[in-house]
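Engineer: If you want the building blocks of each chain, they are given just below.
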Amino acid sequence: MELLKTFAAHYNYFITIFLMISGLFIVIARGNLIKKLVGLSLFQTSVYLLYLTPAKILGGTAPIYEEGYKLYSNPLPHVLMLTAIVVGVATLSLGLALVVRIKEAYGTVEEDEIFAKDPEAE
Amino acid sequence: MIGNPSAEAFVMAVLLTLLAAVTLAIARQRNMFGVVILSSIYSFLMASLMIVLDAVDVAMTEASVGAGISTVILLATLYLTGSMEYPQRRSVAIPLFVSIVVGAALVWGTIGLPAFGISDAPIHQHVAPTYIDFSRKHDMPPNIVTAVLADFRGFDTLGEVTVVFTAGIGVLLLLQGGWRLGGSRPDDDTEGDDEI
Chain A
1 MELLKTFAAH
11 YNYFITIFLM
21 ISGLFIVIAR
31 GNLIKKLVGL
41 SLFQTSVYLL
51 YLTPAKILGG
61 TAPIYEEGYK
71 LYSNPLPHVL
81 MLTAIVVGVA
91 TLSLGLALVV
101 RIKEAYGTVE
111 EDEIFAKDPE
121 AE
Chain B
123 MIGNPSAEAF
133 VMAVLLTLLA
143 AVTLAIARQR
153 NMFGVVILSS
163 IYSFLMASLM
173 IVLDAVDVAM
183 TEASVGAGIS
193 TVILLATLYL
203 TGSMEYPQRR
213 SVAIPLFVSI
223 VVGAALVWGT
233 IGLPAFGISD
243 APIHQHVAPT
253 YIDFSRKHDM
263 PPNIVTAVLA
273 DFRGFDTLGE
283 VTVVFTAGIG
293 VLLLLQGGWR
303 LGGSRPDDDT
313 EGDDEI
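Residue numbers (our numbering), protein chains in the order written: chain A, 1 to 122; chain B, 123 to 318.
For the record, the hints were derived by calculation from the structure and aren't laboratory data. Relax, there's no trap hidden among the hints.
With beta-carbon atoms standing in for the labels, derived distance ranges:
#, chain 1, residue 1, chain 2, residue 2, range
1, A, Tyr106, B, Ile222, 31 to 41 Å
2, B, Val224, A, Lys117, 23 to 33 Å
3, B, Phe287, A, Phe115, 25 to 35 Å
Coverage of chain A stretches by chain B, computed from C-beta distances (three or more under 8 Å per stretch; other residues unrestricted):
#, region
4, 10 to 17
5, 41 to 48
6, 60 to 73
7, 87 to 97
Taking lysine to aspartate or glutamate and the EDC-like style, the derived pairs with C-alpha atoms no more than 16 Å apart in a straight line are:
#, chain 1, residue 1, chain 2, residue 2
8, A, Lys70, B, Asp242
9, B, Lys259, A, Glu67
10, A, Lys70, B, Asp255
Built from N, CA and C at the ideal position, the CB exists for glycine as well.
Excised from the complex, chain A in its bound form:
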């Protein structure tokens, strides 16, 4: 029973970690460069969750000031993650531009085929 309680109290963190290692797995295991970038953005999104989860207070309200409400969730992680989302899409678009460039140069976006064409790249 105690174990189950601990599990329920940390369920958010466990799912966050699952998303994180799924992103890591996709980045390492999949050869398609676009899929790798999708994995990278999964990893980034799990970090948003890692920051926002401790900021939440059950029974609290969103941090918008209004008479009659005393308990607000922590606004600071929200601010940090607003910045992180925009930086995330910037890195994603830069990575995709590199993929387009690689496709023009090598004619493929599969890592194995690129290595086969250019042994020095490995």
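Chain A is already provided as a structure; the job is to place chain B on it using the hints.
Structural biologist: Using the frame of chain A, we list chain B on its own:
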């Protein structure tokens, strides 16, 4: 979100489970179009979860940027590269092992964290009350996130704009370089400078 705390926790658990399921589907999907659409679904689920987590501003940004712009640029890249399906040729044993070891270490580190959603966790004790009281006392915007973003931490946004600007220059240089006009790849960095 004001309401029954156990109902909040239940909605969150459902959304988190759906997120995990979509992530599994992304990892298994071979069709790249399917992967892009699934990642869009993932972003919308994430935005819903952020609303339940009281991060309304972040949810709005995630829905427009994560599910909107990211999907559009991924689809545009698919159009340019034309890679729709890919075969599975490599072994997944080593990546799976690395991921599981990293995950186990993270779970081990997570056990000691305070339970989810309690109001006397250390994160709610020091800086957060100061921001909330200070922004109210000095007539800053009623949305405390806006107050912190614009009035307390404006330099963060300056850094963010710098990153976006740099990434934009990088994308422009990569996609509109001189090699297209010449029809061949440049062999060094200087070639093509006069065409830009």
